[in-house]
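Novice: Please construct the entire structure, taking both the sequences and the accompanying hints into account.
Number of protein chains: 2
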Amino acid sequence: MRKIRIICIGKTQEKFIKSGLDLYDKKVKRYCNLEWIIIKAANYTSGNIQQWQEHEAEKIGKLIQSRNMTIFCDESGHQMSSINMADKFTNWANKGYSGFDFFIGGAFGFSEEIKKKANYLLSLSPMTLTHQMIRLLLVEQIYRSFTIIRKEKYHH
Amino acid sequence: MRKIRIICIGKTQEKFIKSGLDLYDKKVKRYCNLEWIIIKAANYTSGNIQQWQEHEAEKIGKLIQSRNMTIFCDESGHQMSSINMADKFTNWANKGYSGFDFFIGGAFGFSEEIKKKANYLLSLSPMTLTHQMIRLLLVEQIYRSFTIIRKEKYHH
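Those protein sequence lines, which keep their order, are chains A and B.
For the first sequence, position 134 (counting from the first letter as 1) is numbered 134 according to my numbering, and the numbering increases by one without interruption.
For the second sequence, position 18 (counting from the first letter as 1) is numbered 18 according to my numbering, and the numbering increases by one without interruption.
Since the hints were made in silico from the structure, they are not lab data.
All clues given are correct.
Identical copies carry no separate label here, and so any pair may be met within one copy or between two of them.
Pairs of lysine-lysine residues, derived as BS3-like cross-links and limited to a Cα-Cα distance of at most 27 Å, are as follows:
| id | residue 1 | residue 2 |
| --- | --- | --- |
| 1 | Lys151 | Lys27 |
| 2 | Lys153 | Lys11 |
| 3 | Lys15 | Lys29 |
| 4 | Lys15 | Lys26 |
Specialist: Put into structure tokens, the structure is as follows:
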């Protein structure tokens with residue numbers, strides 16, 4: 001069974017997001033080993049965006065593992081349908097990676113430098129979403145991918 | 001102050017979605033008059049998708065008002081950034097409509113026939129989302145549009 005890590009920056013603040021993540025966490029765990037890693041966000045009260053991104057990039061860098069497929073959720077990334085995402089999953093799984101790592105940036109996104117270390121940039125919507133909402137959307141799409149791959153009932 | 005109606009099919013089932021909608025409902029109401037209308041979903045235990053869509057389309061049709069800008073949230077619709085959505089809002093507001101009506105389909109989406117009655121088809125993501133999750137995403141984007149138009153802090 002494949003391992004998926006979702007690596008986020010900053011705690012999940014909104015209670016409703018937390019409840020939604022719990023719900024989909026259970027659903028996804030029917031299909032794979034899912035781990036959530038929360039990186040502490042930079043201190044946004046002093047410094048500037050570039051410094052915050054660099055601070056967070058350093059921590060992100062330490063979690064990147066070459067044996068895992070590294071996907072960054074980023075507005076500049078590839079957009080696709082859920083069916084295409086399920087296809088991508090299948091292709092990546094056949095490439096011999098030991099797991100999938102999804103990184104979700106902080107409130108100010110990723111530095112350009114750290115983005116270069118991703119194997120793939122994925123955009124969940126052309127619209128700007130809070131980094132909290134992206135967690136919810138991502139885990140729902142991971143769940144949906146599994147149901148598409150297994151031809152199960154959820155997706156229509 | 002402009003009036004927005006969000007018209008959905010079927011109750012909001014997930015508790016976390018309900019909490020999220022409540023949260024954004026309060027936020028959006030700082031800017032406009034927001035009304036939620038829930039249309040009873042078709043009985044999905046008998047009949048087929050076409051019949052369910054037609055049943056729901058009849059109820060949708062009764063709520064369409066020519067004085068309002070009628071927007072259907074649909075996968076086949078236009079995709080755009082949040083900034084473009086805010087621009088669209090401004091343009092539509094200048095066209096003399098008395099309000100905006102956003103329709104979100106049921107679990108099986110809209111019939112092709114009823115879609116023709118929309119002034120605009122809007123897609124929130126190229127990915128398939130549950131019609132419950134679309135409610136959350138839509139109200140968050142409406143809120144975001146207001147903050148973009150007013151040049152307020154939320155959007156970055």
